[in-house]
Amino acid sequence: MAAPAAPGNAGNGAAEEVERFDATSMRFNTAVIGRIRTGAAVISGSTAGILGLTGLYGFGFYFVASLLLSLLLFVKAKRNVAAHFSSPSAITTDGLFDGLSTYVLLWTFMYGMVHVY
Amino acid sequence: MLTRVAFVLGALLLFNAAYSTVQYRNFLKMAEKDQSGLPIDIVLQTLAAMVLATWAIVEYTAPFKNIHGSNERVRYDAVDNRPIFYSFQHRGALLFKKQ
Numbered sequence: 001m002a003a004p005a006a007p008g009n010a011g012n013g014a015a016e017e018v019e020r021f022d023a024t025s026m027r028f029n030t031a032v033i034g035r036i037r038t039g040a041a042v043i044s045g046s047t048a049g050i051l052g053l054t055g056l057y058g059f060g061f062y063f064v065a066s067l068l069l070s071l072l073l074f075v076k077a078k079r080n081v082a083a084h085f086s087s088p089s090a091i092t093t094d095g096l097f098d099g100l101s102t103y104v105l106l107w108t109f110m111y112g113m114v115h116v117y
Numbered sequence: 001m002l003t004r005v006a007f008v009l010g011a012l013l014l015f016n017a018a019y020s021t022v023q024y025r026n027f028l029k030m031a032e033k034d035q036s037g038l039p040i041d042i043v044l045q046t047l048a049a050m051v052l053a054t055w056a057i058v059e060y061t062a063p064f065k066n067i068h069g070s071n072e073r074v075r076y077d078a079v080d081n082r083p084i085f086y087s088f089q090h091r092g093a094l095l096f097k098k099q
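Heads up: the sequence lines are chains A and B, in that order. In case it helps, our numbering puts the first sequence at residues 1 to 117. In case it helps, our numbering puts the second sequence at residues 1 to 99.
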């Protein structure tokens, strides 16, 4: 929907411009990020299990893998985060802990398969 | 297509690394060596497989949409267009009836 620009003084109209975002596109992007985070948690969890990480090293590895994921998301957003997200935290910290349970599931599963049995 | 191939390749590399680790641990048990840690080639293969598969997942999903401005713009002459209020049962049918 094309909303009319916020009325402001002709002189400093740009300063009073209200930021407007397309809600449908924002929801779409958030959903895409959520799907990617789940998939990445599966992959990094399996990796942690195969490497035989235990304790805090395993949790530390999740955040290292999230850092890599943020980098890949930055490239996917064509290095222009502001065009696709209202805040840069969308690709760094938003929903960071959503994938943690999936990660722990795959981590313990692969650790058990490879190192225990 | 490329991302699908990359994902399958990454998953296979990951599986291969897991299998190598199992064999290595069996070898350690057989040789009765007590040693923790994995050979560097298995570690590198696992990490490379993770990077490849994660990249494939990120690029396989739909591209992000621009949130500035709408993708379906309404033209100015259609702003007050409300198709749901169209009425075809009006006086026109009587006024312009053929005599």
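Some hints here could point you the wrong way.
[To be verified] When the alpha-carbon atoms are kept at most 20 Å apart in a straight line, the in silico EDC-like pairs for lysine to aspartate or glutamate are as follows:
1. B/Lys65 - A/Glu19
2. A/Lys78 - A/Asp94
3. A/Lys76 - B/Glu59
4. A/Lys78 - A/Asp98
5. A/Lys78 - B/Glu59
6. B/Lys65 - A/Asp22
7. A/Lys76 - A/Glu19
8. B/Lys97 - A/Asp94
Keep in mind that the hints were calculated from the coordinates and are not lab data.
Status of each hint after checking the structure:
Taking the CA atoms of B/Lys65 and A/Glu19, the gap is near 17 Å; set against the 20 Å cutoff, the hint holds. Distance restraint check for A/Lys78 and A/Asp94: the Cα-Cα separation of roughly 19 Å lies within the 20 Å cut-off, and the hinted pair is therefore satisfied. The straight-line distance between the Cα atoms of A/Lys76 and B/Glu59 is roughly 7 Å, inside the 20 Å bound, and the hint therefore holds. In summary, the hint linking A/Lys78 to A/Asp98 is not supported, as the alpha carbons are separated by about 24 Å, beyond the 20 Å threshold.
With a CA separation close to 11 Å, the supplied pair A/Lys78 and B/Glu59 stays within the 20 Å bound. At most 20 Å may separate the alpha-carbon atoms for a hinted pair to count; B/Lys65 and A/Asp22 meet this at roughly 9 Å. About 24 Å separates the Cα atoms of A/Lys76 and A/Glu19, which puts this hinted pair outside 20 Å; it is violated. This hinted pair does not check out: B/Lys97 and A/Asp94 have alpha carbons roughly 66 Å apart, beyond 20 Å.
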